[in-house]
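For the record, the sequence lines run as chains A and B. Heads up: the first sequence at position 59 corresponds to 59 in my numbering, and the numbers run straight through without jumps. Heads up: the second sequence at position 357 corresponds to 1357 in my numbering, and the numbers run straight through without jumps.
Treat each hint with caution, since some may be false.
Listing some non-contacts, in silico: residues in chain A with all C-beta distances to chain B over 10 Å [to be verified]:
(1) 24
(2) 35
(3) 42
(4) 63
(5) 94
(6) 110
(7) 118
(8) 127
Derived contacts from chain B toward chain A, CB cut-off under 8 Å, selection only [as the list claims (entries may be wrong)]:
(9) 1002
(10) 1150
(11) 1156
Everything labelled a hint here was simulated from the structure, so no lab data went into it. Just so it is clear, CB atoms sit at the ideal spot from N, CA and C, and this is done for glycine as well.
Take a look at the letters that make up each chain.
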Amino acid sequence: MAPSPLRILPRIHPGNAHFWQGGAAGELRFLRCAACRTWLHPPAPRCPQCLGRELAPEAVSGRGRVVSFTINHKAWVPGEDQPYAIVLVELAEQPGLRLMSNLVGCPPEAARIGLEVRVRFEDCGEAFVPLFEPVDDP
Amino acid sequence: MTEILERRAAITGLGQSEVGRRLGRDPLDLTLDACLAAIEDAGLGREDVDGLATYPGAMPMPRGFSGAGIPEVQDALRLELRWYTGGIELPGQLGAVIDACLAVAAGLANHVLCFRSVWEASAQGGGGRGPAGGREGRLPRADGFMEWTLPFRAYSPANWVALYAQRHFHEYGTTREQLAQIALTARRNAAGNPKAVYRQPLSLDDYLAAPLISTPLCLYDCDVPVDGATALVVSRRELARDGPHPVVGVQAVGSAIRGRPSWDQWDDLTTMALRDAAAMLWERSDARPGDVDVAELYDGFSFLALAWLEALGFCGRGEGGGFVEGGARIAREGELPLNTQGGQLSGGRLHGFGFLHEACLQLRGDGGARQVPGSPRLAVAAAGGGPLAGCLLLERA
């Protein structure tokens, strides 16, 4: 996907590079606890379940479902196109493993709770932003 | 049972500056207007004030979000303080007042002046605060919680709240027509508040025809930035009897947060931290939701007031839409008058403290044209959304 000139990017640092740059390899990566196998998001220095310190990035399938959405109509930033869909996606790997994103590859009106989605990445240079598209055509 | 320590506190003074769009006033001056009014209202002099509390403290960014911090107000009034606090990592805006209650209860201070001051209307009129400060040139880099929202163009709390509202609509069948009643009720009540920003009538048709901001929220679901300041004096209760007004005692506070402290990671997408703060409030009182005579519930977005109604047990979980449907139940003459000053939706975004001010005014019987009938005895004031939530149960002694 072509980068959008208006996408505000994160500040990349060693603690979040796995997430924001995993897309270069086509992977959506989260920290995972080696001891109890819990996935973490956002990244943290210890596992919130077992307090284990041995955490390493691991790729998820990139599949999930929309648990909520909103279609934004307001121009918060000059020059942006509206409307667009903001989604909360829960990943297939773990209940509650969730992130905010955008629904792409379909009209924003196709957003609905329960929609099955998969990740695709927008190459923004230093960051690959994980966005989601419907698994089947809406 | 352990003593409910906040009952040693009372709210003895109320003050508010002028409130409006782009007043062009010096924010500290506006703050002092409210502070001096509250001190006078309490029948005190500034030499009596020995505590100071505010939310969020001085903050240069975003512009307009804070009109004054603790040192500025202390210095401007040459206060001699025994205790003070100012900060943003609190159980919502009213967290500063909860702290003040505990300070007087613990004997650290006798009279704590609490204030919240904003000048967002003037700030936005002067070029806008913009998302994360990025208007021109190189875009900023998102950090902290914004790292998980801005790259996805979720710039505004309107977007974040909308995700909860949408989920509530989905799980419980809540409708825009029902949600509208929060905004329409606020507008009707604003007609009785000379300081309210929007006082002209608003119909359901107007609401439904308004521009969408972030579905299901439209323009009238979002509050209006203003310039203005609110102040209250929290006193040791035994000193309150000497004041010129009926005593408004603090019955209980709620400050809990048990879920993850963020907008996007909260466990239940139909509630927010207000679920936990509200539950704690009732754990600390023998009163029940049905005993409450007036509710002043944060409506930075209409959905937040709906969520507070449910969290506080005025209706069952998921039943907020049906509870407000038609608007009669939450009208000034209804069984639970809501946001009697017009809320922030029509009254202006005084950011939480306006609700507490109004709750006290109603309990005193000083509501004027908007006074709820029947001499209300018990009121709830609540503020916050997302991971922020704090609330107080107040009683007229």
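Report holds if the minimum CB distance from residue 35 of chain A to chain B is greater than 10 Å, and violated otherwise.
Check passes; 21 Å lies beyond 10 Å.
Would residue 42 of chain A pass as off the interface with chain B, using Cβ distances and a cut of 10 Å?
Contrary to the label, residue 42 of chain A does not stay out of reach of chain B, its closest Cβ about 6 Å off (not over 10 Å).
Non-interface claim for residue 118 of chain A, where every Cβ of chain B lies beyond 10 Å
At roughly 16 Å from the nearest Cβ of chain B, residue 118 of chain A sits farther out than 10 Å, so the non-interface label holds.
Against chain B, does residue 110 of chain A keep a CB gap of more than 10 Å to every residue?
At roughly 13 Å from the nearest Cβ of chain B, residue 110 of chain A sits farther out than 10 Å, so the non-interface label holds.
Beyond 10 Å on every Cβ pair: is that true for residue 24 of chain A relative to chain B?
holds, 16 Å
Holds or violated: residue 1002 of chain B as interface residue toward chain A, Cβ cutoff 8 Å?
violated, 30 Å
When you look at the beta carbon of residue 127 of chain A, is every beta carbon of chain B farther off than 10 Å?
violated, 7 Å
Taking C-beta pairs only, is residue 63 of chain A more than 10 Å away from all of chain B?
Check passes; 18 Å lies beyond 10 Å.
Given as non-interface: residue 94 of chain A, partner chain B, CB spacing beyond 10 Å:
About 13 Å separates residue 94 of chain A from the closest Cβ of chain B, which puts it past 10 Å; holds.
Given residue 1150 of chain B as an interface hint, is the shortest Cβ-Cβ distance to chain A below 8 Å?
This interface hint holds because 4 Å falls under the 8 Å limit.
With a cut-off of 8 Å on the beta carbons, see whether residue 1156 of chain B makes it to chain A.
OK, holds: residue 1156 of chain B within 8 Å of chain A, min 6 Å.
In summary, the numbered hints that this structure violates are 3, 8 and 9.
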